[in-house]
Amino acid sequence: MNADVVVIGAGIVGAACAYHASQAGLSVCVVDRGPPAGGTTGAGEGNLLISDKLPGPELDLALLSYQLWRALAEVPFRDTTFGARTELEHKGGLVVAASADVLRGFGELAARQAAAGVEAVPVPPDGLREHEPNLAGDLAGGIRYPQDMQVQPMLATAVLLRLARDAGAVLLPGEAVTGFLRRGDRLVGVRTARRAVSASAVVNCAGTWAGEVAALAGVRIPVSPRRGFVLVTEPLPRVIRHKVYAADYVADVASDSSALQTSPVVEGTRSGTVLIGATRERVGFDRTWSPQAIRRLAAGAVRLFPFLAEVVALRAYRGFRPYCPDHLPIIGPDPRVPGLWHACGHEGAGIGLSAATGRLIAQSLRGEATDLPLHPFRPERFDEGAG
Amino acid sequence: MLLVDGGARPGGQYWRHGPEPADPRSRHRLRHGWPTFQRLVRRAESAGAALLARHHVQTVVADKAGWLVDCLVGDEPSASAVGTAIRARRLVLATGAYDRQLPFPGWDLPGVMAGGGVQALLKAHGVLAGRRVVVAGTGPFLLPVAAGLVAAGARVPLVAEANSPLHLAHYPGALAASGPKLREALSYAVWLTRGHTAYRRRHTVIRALGTDRLQAVQVARLDRHGRVCPGTIRTVHCDVLAVGWGFTPQLDLANQLGCAGTVGADGNLVVAVDRVQATSVPGVWAAGEVTGIGGADLAVIEGSIAGRAAAQAPVPRSLIRRRARLRRFADALNAAFPVPAFLLDDLPGEVLACRCEEVPVRAVREAVSELGATDARTVKLLTRTGMGWCQGRVCGFAVAAATARACGRPVSEADLRAMADRPLAVPSTLGRLQGGEPPSH
Amino acid sequence: MITFDGVETPCRAGWTIGAALTAAGVRSWRTTRRAGRPRGLFCGIGVCFDCLVTVNGRPSMRACLTEARPGDVVSTQDGTGHGDRAC
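Residue numbers (the working numbering), protein chains in the order written: chain A, 3 to 389; chain B, -2 to 438; chain C, 403 to 489.
Simulated from the structure, these hints should not be mistaken for laboratory data.
Cβ atoms here follow ideal geometry from the backbone N, Cα and C, with glycine treated the same way.
Honestly, I wouldn't trust all of these hints.
Stated by the list, open to error - Here are some chain B residues pointing at chain C (derived, C-beta under 7 Å):
no. : residue
1   : Y95
2   : P107
3   : G114
4   : L118
5   : H122
6   : D209
7   : R210
Said to hold, decoys possible - Computed beta-carbon distance windows for the label pairs:
no. : chain 1 : residue 1 : chain 2 : residue 2 : range
8   : B       : R191      : C       : A426      : 24 to 30 Å
9   : A       : E76       : B       : A78       : 45 to 51 Å
10  : B       : R198      : A       : Q294      : 53 to 59 Å
11  : B       : R191      : A       : P308      : 57 to 63 Å
12  : C       : G473      : B       : L183      : 43 to 49 Å
13  : A       : Q294      : B       : A78       : 16 to 22 Å
To be verified - Residues from chain C shown here face chain A by an in silico Cβ test under 10 Å; the list is partial:
no. : residue
14  : R460
15  : S462
16  : T482
17  : H484
18  : G485
19  : A488
Model the full structure from these sequences, guided by the hints.
Right, here's the structure in full:
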């Protein structure tokens, strides 16, 4: 079997790469050891956030993704649009602070974000409930980010893959990559238990398991798991309009601590359930349920929305975010292994940043100028400065 | 020794009863094996076992010295503000089973009920679910449901058994316990005769009719492959349809604990246990329907074995032998009463697969054919089947089966497990979840 | 005695709300949130959550499990039962 590109991993990032690559005229084969979105994507909340990105390469990726998601929303899909089918909602985000100090700190971040092109609108404490009527009445204020959006991540992945397949891409679920085809020191395809697929380029989109794929190719990329739990309520009418989170969330994302970090993130969904995050822990791939994490999620949500105390939680789920030590994803060709590209390590921002990632990878694969410099995301950066 | 049970009174489904004194006439026809139940309760009490009634276990997690069992107390646990945490060194899971259901056109009309629900109303409250009840589905359970209704004064025009009980003659294991079982079946048959109930083999309900409540059912004959025979469709008027396709185990806690399972002879995910009912998790035993549907007598034997093993007492070989006989009989029943093919293959796309989230069967098929799903977990996440209030308890088996069929392969353990993974075995408010430390035993 | 949508409904000691409503000939007491279809008892033993009803102002109580207490006010539940909170 032949293709221009083999994409390893059929999660949101692999799907975005497949979509953009096939739109750019490349023939694509997507392989995954399991079904589409069988990894972290299936445990995502569907955040498409500008608000929590620090100015710099990550914010640049988020702003580019914003444009791409908005364009994608209008793409026709069967008898509807991509946006309607994937529950893409341009709802906006609201970051709230419990104290004036925390609000001031976040305000400084917002000012830097605004300087970089982000819409950030301060909200005084008595203005919060105009945007979120069910919010607690004793918060110190907040900042509204009209550019924040939300999508249903499983549907987004499946529809991106469907569009890619409509354009000729092939999806091979249930086939783990067992090795690579080489010509000299160059990768020229992959091997699975069932077949070999020749290609000029291989893209590692294996998310939290991308390190394993890289190791199979003989290189190291330091992607490791950062466990998160999400609590899900009973179905409700629309009771929460935005994605709402506490200002200390950003500090948690940027933290290197391996201990349990929790900070409330609450949002409604089209189906009516309210999703409650967020926890972060570095416990390897430990799948055991943590009552402590669930307790903290519940408490954090009730703090922001007191009415939630009487709302019933039906289930919880967990996933493992792919975390890189410098909190930036890995995007681009690997100079150590010609023929290998990486598109992974997006931590908790993979759903949102997949759009820009897919675009940049497609441009890079075609040898075109990329919309953003790939230098900050280069795979070999972890080997530098070691001496 | 603590017996933790969600019911107001012990006995589960099989020995469900209302507050005493019950109507003396109803006792003998609704209370099977009652002396056994009374003996077991007496022996447990005299051995010092404490019963925690109305205690619904939400989570079980490993704790320093064993297990932490977190319970909600009350009849409706989701509204409960009271909880209790129990520290236990060893656990025996006997969480039982419930009616297995499969979608069919009109199954979401009020008046369509599970056979077990119709029985529960009668046994616990002496309330008739309806005045004119059709009983349908498959398996020996249809008989006591119908007989109980007739004895309580309902009209049961028809029992539609999708298979043929004569199949049992093909299974040697059926002879193992045939004496008492045949007598039991005969006693039901007497009631059905008195009630002028037609018992039709190889017949099933193919559609429930009505606008906002059940008014009638369409019944048809099935061929030996489980497919509808054209030209045999009749309409039968009724206000309730009591339907069931065997049973399926309650695996929430076993799955939380990570107990290994397997796909049982009846197509359900069941907990795997060894010779003395020990699960794959040290310190956890399982007994009764959770290890495979097998009826009350087998459950009592398995419970006796598990209890002894958990107490580190010897298990007499006579119990092992009795269990083997009853297991063979259960296996024969499973083999003789399979789910008919028409229910899995020929359903119109608009029939609801998931009642809670109102997801049609069509969506499950499209998730496979259009959106690339290859397993039930992916189907669930793409379609919302199994994500509503009941968390896949009702639709899990059907979604797993429909997914596998759409993928052209048999149902896998992973499919069933994906629909049965419930980190919260009972729902509770966020106020309750955020807790504080509950009082503990 | 309990009331259902304002109508007095007889009830025996120990009965669940579901039993009382069924004895009174009531088959459904809620509507689904997508298609507005009526639902009442289905599994009857607390597994299916079809029988959700609002009791004394509290939505989504399983009628088949909730014991009826004298004076209980039971009302038909529309969809999620939390419509008053919608914004």
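How the hints compare with the structure:
{"no.": "1", "hint": "Y95", "in the structure": "5 Å, holds"}
{"no.": "2", "hint": "P107", "in the structure": "4 Å, holds"}
{"no.": "3", "hint": "G114", "in the structure": "2 Å, holds"}
{"no.": "4", "hint": "L118", "in the structure": "6 Å, holds"}
{"no.": "5", "hint": "H122", "in the structure": "4 Å, holds"}
{"no.": "6", "hint": "D209", "in the structure": "5 Å, holds"}
{"no.": "7", "hint": "R210", "in the structure": "5 Å, holds"}
{"no.": "8", "hint": "B:R191 - C:A426: 24 to 30 Å", "in the structure": "28 Å, holds"}
{"no.": "9", "hint": "A:E76 - B:A78: 45 to 51 Å", "in the structure": "49 Å, holds"}
{"no.": "10", "hint": "B:R198 - A:Q294: 53 to 59 Å", "in the structure": "55 Å, holds"}
{"no.": "11", "hint": "B:R191 - A:P308: 57 to 63 Å", "in the structure": "60 Å, holds"}
{"no.": "12", "hint": "C:G473 - B:L183: 43 to 49 Å", "in the structure": "47 Å, holds"}
{"no.": "13", "hint": "A:Q294 - B:A78: 16 to 22 Å", "in the structure": "21 Å, holds"}
{"no.": "14", "hint": "R460", "in the structure": "8 Å, holds"}
{"no.": "15", "hint": "S462", "in the structure": "7 Å, holds"}
{"no.": "16", "hint": "T482", "in the structure": "5 Å, holds"}
{"no.": "17", "hint": "H484", "in the structure": "5 Å, holds"}
{"no.": "18", "hint": "G485", "in the structure": "6 Å, holds"}
{"no.": "19", "hint": "A488", "in the structure": "4 Å, holds"}
Of the numbered hints given earlier, the model fails none.
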